[in-house]
Amino acid sequence: MESVVDLALLGLLAVTAFGVLRLRNLVAVVMLMGIYSFLSAALFVVLDAVDVAFTEVAVGAGVSTILALGTLALVGTRQKRHTKSPTIPLLIVLVTGGMLVYGTYDLPRWGQPDNPVHGHVAPEYLEMHVPLAGEEGEVLEVHIPNIVTTVLASYRGYDTLGETTVVFAAMVGVLTLFVGSRRPRRTRGSPADDDGEDGAS
Amino acid sequence: MRDQIILRIAAKILVGPILLFALYVQFHGDYGPGGGFQAGVIFAAGIILYALVFGLDRARAAIPTSIVTWCGTLGVLIFAGVGVVAMFMGGNFLDYGVLLYDAEHAQHIGILLVEAGVLVTVFGVMVTLFYSFAGRRRSR
Chain A
297 MESVVDLALL
307 GLLAVTAFGV
317 LRLRNLVAVV
327 MLMGIYSFLS
337 AALFVVLDAV
347 DVAFTEVAVG
357 AGVSTILALG
367 TLALVGTRQK
377 RHTKSPTIPL
387 LIVLVTGGML
397 VYGTYDLPRW
407 GQPDNPVHGH
417 VAPEYLEMHV
427 PLAGEEGEVL
437 EVHIPNIVTT
447 VLASYRGYDT
457 LGETTVVFAA
467 MVGVLTLFVG
477 SRRPRRTRGS
487 PADDDGEDGA
497 S
Chain B
1427 MRDQIILRIA
1437 AKILVGPILL
1447 FALYVQFHGD
1457 YGPGGGFQAG
1467 VIFAAGIILY
1477 ALVFGLDRAR
1487 AAIPTSIVTW
1497 CGTLGVLIFA
1507 GVGVVAMFMG
1517 GNFLDYGVLL
1527 YDAEHAQHIG
1537 ILLVEAGVLV
1547 TVFGVMVTLF
1557 YSFAGRRRSR
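Protein chains in written order, with my numbering: chain A, 297 to 497; chain B, 1427 to 1566.
Keep in mind the hints are simulated off the structure, nothing from the lab. All residues carry an ideal CB built from backbone N, CA and C; glycine is no exception. Keep in mind that a hint or two might mislead.
Chain A side only, calculated, beta carbon under 7 Å to chain B, not exhaustive [what the hints assert, rightly or not]:
| # | residue |
| --- | --- |
| 1 | 313 |
| 2 | 351 |
| 3 | 355 |
| 4 | 356 |
| 5 | 359 |
| 6 | 414 |
| 7 | 442 |
| 8 | 449 |
| 9 | 450 |
| 10 | 457 |
| 11 | 463 |
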């Protein structure tokens, strides 16, 4: 039963991806990408990764769609026609894809209990122990039922701080870009700039 | 979109519960799926919905650009600050166990504060991004 759901979701993912590739109307493409995100989230739920699914829906299907639509309002909604021949890109994609598929043969089987990933630090984490400060070897139970939160915020606090900093860096980047590009337009000061042709948005 | 009455009423009804749900996701993150990141995005989504329906200007009047930019910075400071405070109290960086009299409570408080930092940063950054994109005029 689960494999039927998996196959159905993966099939829908493939259909959505082809739709994204084929369509030239970028608004429709953005909507399809939101659907793609939603389908991925459904796959994560099937894999029991509800936290990841939650993030995927909120960021991928929610905020990203809005930001992409905001970008389309700036750059227009029609994709330009490609003039170059697609042979070489297709070749590169096929070779890379083939290598990736070949690489999967060396991966351990999915969901096996003796996979390397389950034998590293995960068992320790799952026993819900957090080392006490300073004292070597002493451990303490932390009653936080959601192990994902414990891992993210406590065991892997450094990683999460890093991720938060990356999000912050994204803001700095966008602000720098937009402030940098606004100034020259203001100094140019031609009256036509003031109420440009943005009626389409 | 200000003259679309169905959209306006629906948005008016939805914005409050969305913000409340974000707080639920934030504070229930210890027990169920969720946490600072998701809560921040949901909170930002509530503001963005308001801005989409009622106009960017009214959203900016409610939550000014300077505040959201400030939030984006503040969250990282809260997160790193918890780590530095832990260092001053004799532990390692981001070692919550030393923050309170009792290590278990300290872990809870540490995780709570850190998640609050993530919430504030993600909320600030998402709304800043939206304000920046939506506030720009179309270039030719």
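Now for the hints, and whether the structure bears them out:
Because the beta carbon of residue 313/A sits about 24 Å from the nearest beta carbon in chain B, more than 7 Å, this interface hint is broken. With its C-beta approaching chain B no nearer than about 6 Å, residue 351/A sits inside the 7 Å limit, and its interface hint holds. Nearest Cβ of chain B to the Cβ of residue 355/A: about 5 Å, under the 7 Å cut. The hint holds. This hint is violated: residue 356/A has a C-beta 10 Å from the nearest C-beta of chain B, more than the 7 Å allowed.
Hint status for residue 359/A: holds, given a least beta-carbon distance of 6 Å to chain B, under 7 Å. Because the smallest distance between the Cβ of residue 414/A and any Cβ of chain B comes to about 21 Å, over 7 Å, the interface hint for this residue is violated. For the restraint placing residue 442/A at the interface with chain B, the shortest Cβ-Cβ distance is roughly 6 Å, inside the 7 Å limit, so the hint holds. Taken as an interface hint, residue 449/A checks out: its beta carbon lies about 4 Å from the nearest beta carbon of chain B, inside 7 Å.
Interface hint status for residue 450/A: upheld, as the beta-carbon distance to the closest one in chain B is roughly 6 Å, under 7 Å. Using the Cβ-Cβ criterion of 7 Å, the hint placing residue 457/A at the interface with chain B is satisfied: the shortest such distance is roughly 5 Å. A cut of 7 Å between beta carbons decides the hint on residue 463/A: the least distance to chain B is about 5 Å, and the hint holds.
Comparing the model with each earlier hint shows violations of hints 1, 4, 6; every other hint is respected.
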